[in-house]
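Undergrad: What follows is each chain in one-letter form.
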Amino acid sequence: MTVPARERPLSPHLQVWRWHLTMLTSILHRATGLALYGGAVIVAVWALSLGAGPEAYQGFVDLMASPLGRFVLVGLTLSIFYHLANGLRHLFWDAGLGLSVTASHQSGIMAMAFSVVATITVWAIGLGPGGL
Amino acid sequence: MTDFRTPLSRARGSGAAGHGAAHWVAERVSAIALIPLSLWMVYAALVVSRSDYAGVVGFVSYPVNAVLIVLVLLVSGWHMHAGARVVVEDYIHGMLGRSALLVLNLFLAVLVTALAVFSVLKVALGGAL
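If you read the sequences in order, they're chains P and Z.
Heads up, the first sequence is in numbering that gives the first Met the number 0, so the first residue is 0 and it goes up one at a time.
Heads up, the second sequence is in numbering that gives the first Met the number 0, so the first residue is 0 and it goes up one at a time.
Bound conformation, chain Z alone:
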């Protein structure tokens, strides 16, 4: 790969933004995790769509399935927050509007993820039947 960076820039390792590339890397790492997780989620959605209530509860209660569903929720929750954040940062230029949307994005992503994770754990730990 062509290297456009100067030796000093490489040594500082902070890039054009002036701070670390942690957000960028975290978005990619969560993307890699979501390759197998999202494919499994499509399979899980197919199983769930063809089951009645007791069948779905049984599927969610199976430990491997419960853990994989929670992982899908956590990693996709992280990834969608990171992705929507970049969209807001790219397109919304007003200080107030941008800040409000970034906070809303964080709160919404955490709330949606927390509600889903709690409900799945409740069902998996026997709270639904």
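Bound-form chain P, shown alone:
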């Protein structure tokens, strides 16, 4: 790496800006993406325990049914739906659509509302009576 002749100015970072919606949705996209990285580790543990036999699998199920396990799973459900909806927003932006301030605010609110509603729906189905 070459050393610059003088210090180049840095763009203003988080603490300089007033909070606004598109900034929040962008930060949430990265945060939920990293959370889902952890979710992939949990899926790998699920697959390993399933392959290891019924006792190991029961241990995994008990862990996920604990309060901490439930908290993590609800967080991951929120993360997957938010990252999905906001990712869709990013794909539209990449195509040059919905880039105006009004449109990006509206789609941001829609992505957050969708993730909450979809999470409640999935957990209602998951904890509700009857089969699928």
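Mixed in with the good hints there might be a few duds.
[What the hints assert, rightly or not] Computed footprint of chain P on chain Z; a stretch qualifies when at least three of its residues, placed anywhere within it, have a C-beta under 8 angstroms from a C-beta of chain P:
(1) 23-36
(2) 53-60
(3) 67-77
(4) 82-92
(5) 119-125
In short, the hints are calculated from the structure, not lab data.
Predicted model, so just to flag it, every value in this text is computed and none were measured.
Here a beta-carbon is modelled for each residue, glycine too, at the ideal position from N, C-alpha and C.
Use these hints to put chain Z onto chain P, whose structure you have.
TA: Leaving out everything else, chain Z in the frame of chain P:
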């Protein structure tokens, strides 16, 4: 869409980074694949959460389910590596720390994906019961 690029830049097609946009495109293509795959995975998680051990093994052993689970694992493994890589490149500026995290990200993503894919195939091919 407004085009900000000069004709010469378009002809070279290499963008500001000086090399191809393959990483950027691959992240988007995997994102498109994950729209249906992640929705199916939520459905699969609901089925699995309501089944006992034999039921889960039966679900995973069904060929379409086994293939879809493996696809979810491979594509999300690729996508999470690509996404975490961009986060590291954006926020970690020290040469050593950045390199270490990029290598760790690659190794971890491959290890997690490989462990999960192997276990699913073992169960699907009759190794669990």
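Undergrad: Go through the numbered hints given earlier and state which of them the structure violates, listing their numbers in rising order.
TA: none
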